[in-house]
Amino acid sequence: MSEPVRIDLPLDDDRVRSLKAGDVVSLWGVIYSARDAAHKRLVDLLDKGEPLPVDVAGQTIYYMGPSPARPGGVIGAAGPTTSYRMDPYAPRLIAVGLKGMIGKGERGAEVVEAMKSYGAVYFAATGGAGALISRAIKGAEVVAFPELGPEAIRRLVVEDLPAIVAQDAHGGNLFIDGVAKYRRDEAEA
Amino acid sequence: MSKRNIPAAEITAAVKRLAIESNYFLGEDVIAAISEFKELEASPAARALLDQLLDNAGIAAEGQVPLCQDTGFAVVFADIGAEVCIEGNLQAAIEEGVRQGYQEGYLRKSIVRDPLRRENTGDNTPPIVWIEVVPGDKLTLYFEPKGGGSENMSRVTVLKPADGRGGVIDFVVDRIRQSGGNPCPPVVVGVGIGGTFDKCAQIAKRALLRDIGTRNPDPYYAEMELEILDRVNKLGVGPMGLGGSTTALDVFIQAYPCHIASLPCAVNVQCHSARHKKAVL
Ligand code: SF4
Numbered sequence: 001m002s003e004p005v006r007i008d009l010p011l012d013d014d015r016v017r018s019l020k021a022g023d024v025v026s027l028w029g030v031i032y033s034a035r036d037a038a039h040k041r042l043v044d045l046l047d048k049g050e051p052l053p054v055d056v057a058g059q060t061i062y063y064m065g066p067s068p069a070r071p072g073g074v075i076g077a078a079g080p081t082t083s084y085r086m087d088p089y090a091p092r093l094i095a096v097g098l099k100g101m102i103g104k105g106e107r108g109a110e111v112v113e114a115m116k117s118y119g120a121v122y123f124a125a126t127g128g129a130g131a132l133i134s135r136a137i138k139g140a141e142v143v144a145f146p147e148l149g150p151e152a153i154r155r156l157v158v159e160d161l162p163a164i165v166a167q168d169a170h171g172g173n174l175f176i177d178g179v180a181k182y183r184r185d186e187a188e189a
Numbered sequence: 001m002s003k004r005n006i007p008a009a010e011i012t013a014a015v016k017r018l019a020i021e022s023n024y025f026l027g028e029d030v031i032a033a034i035s036e037f038k039e040l041e042a043s044p045a046a047r048a049l050l051d052q053l054l055d056n057a058g059i060a061a062e063g064q065v066p067l068c069q070d071t072g073f074a075v076v077f078a079d080i081g082a083e084v085c086i087e088g089n090l091q092a093a094i095e096e097g098v099r100q101g102y103q104e105g106y107l108r109k110s111i112v113r114d115p116l117r118r119e120n121t122g123d124n125t126p127p128i129v130w131i132e133v134v135p136g137d138k139l140t141l142y143f144e145p146k147g148g149g150s151e152n153m154s155r156v157t158v159l160k161p162a163d164g165r166g167g168v169i170d171f172v173v174d175r176i177r178q179s180g181g182n183p184c185p186p187v188v189v190g191v192g193i194g195g196t197f198d199k200c201a202q203i204a205k206r207a208l209l210r211d212i213g214t215r216n217p218d219p220y221y222a223e224m225e226l227e228i229l230d231r232v233n234k235l236g237v238g239p240m241g242l243g244g245s246t247t248a249l250d251v252f253i254q255a256y257p258c259h260i261a262s263l264p265c266a267v268n269v270q271c272h273s274a275r276h277k278k279a280v281l
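Residue numbers (the numbering used here), protein chains in the order written: chain A, 1 to 189; chain B, 1 to 281.
Isolated chain A, as found in the complex:
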């Protein structure tokens, strides 16, 4: 397999649009973790017209809630959670400038539309590789909603976080193309 392409965060528009589903990448820089409960709160704030505790413009959100760090450690296991649960919220964040999302599993039509209109990319990280991914996280700090525990928003500094462009800003979708390529049941059906 080809060497991963290094991506430095934050992403700009050109970089986002240059990425194609199937690209194997390695992420470097700052990302923010947020999952179900934090997304609900962010969108509630947008509904009320209030400022977000983290400016998501240009940023990348990682759908992840870590296990606790050991004393002196940066973070515990830190793999992705399933992304479709964030689908009801993601288009709102993309509309205010979110550029990247990292998770696992396919995104729905409304997210894809928002990704195309505003220019955003969705990376798949390796679900269940929480221990491996924790090694790529060099800094972690809770920056919003600490009362949510594992679901708080954390600012993470990552180095060489392995990922694959799963759905791109042009509608490219590895969940469709990759599966079609390796499907072997049709001929026999």
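In silico DSSO-like pairs for lysine-lysine, Cα to Cα no more than 27 Å straight-line:
1) 234(B) to 20(A)
2) 234(B) to 38(B)
3) 138(A) to 109(B)
4) 109(B) to 40(A)
Keep in mind the hints are simulated off the structure, nothing from the lab.
Dock chain B with the ligand against the given chain A, drawing on the hints supplied.
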């Protein structure tokens, strides 16, 4: 009949240990299966993902870090020998073991007290406990931390008896196809057939305690397991749903007698982080 006494404190200590060990140490059977499927995997990207899973198991064991941040709902099967006498409260002893294990093992607390009001209980209790009375004077505890991502893809249905074997197979294969990358494939598929609406789900979960590569002792179901495995691995879903020939590592069927009018069927999807450990007291 003579009874054998088991103090509740011993049960708590065992559950605590199992909670931690099951989350740090992936079974040798799972590691071997991932390695074997990797050799046969058609997609280079998928092979790289499977390598990451093998590395992950090594890093978790070595660093005593959970394999996955979702350290699961604590599901405990307690098979109690009929000649065993528990000194204390079995349910409370298991619950305390979960509390201690998740706290002291740096495991994530993922349980909310109420499904709609959603406030975290803070200690990963309560567990789900299934108690069964079996012959003998031993207490066997199985600990299965069950992740949310794969549990969310699980389904129960009640088919018509006329749907038969083919109907069950189609239901299972279709479920894995529709689950795509959500349950962290490669998955292990627990299938419960028969019983009632609730019983088939429970035996599907229990089936996930089996080691990869072990077959149902009934040749009829053993063959059906392999047929489903073959069909699932032709779907192309692959690791993380991104395409490949490794969609499932194994399929385990558990059957139970059922009503003349019914054919209940449950698919309990288990991710590759197929964690379970056992202790015999
Ligand atoms: S489905 Fe399994 S491997 Fe994936 S995140 Fe959940 S517990 Fe971890």
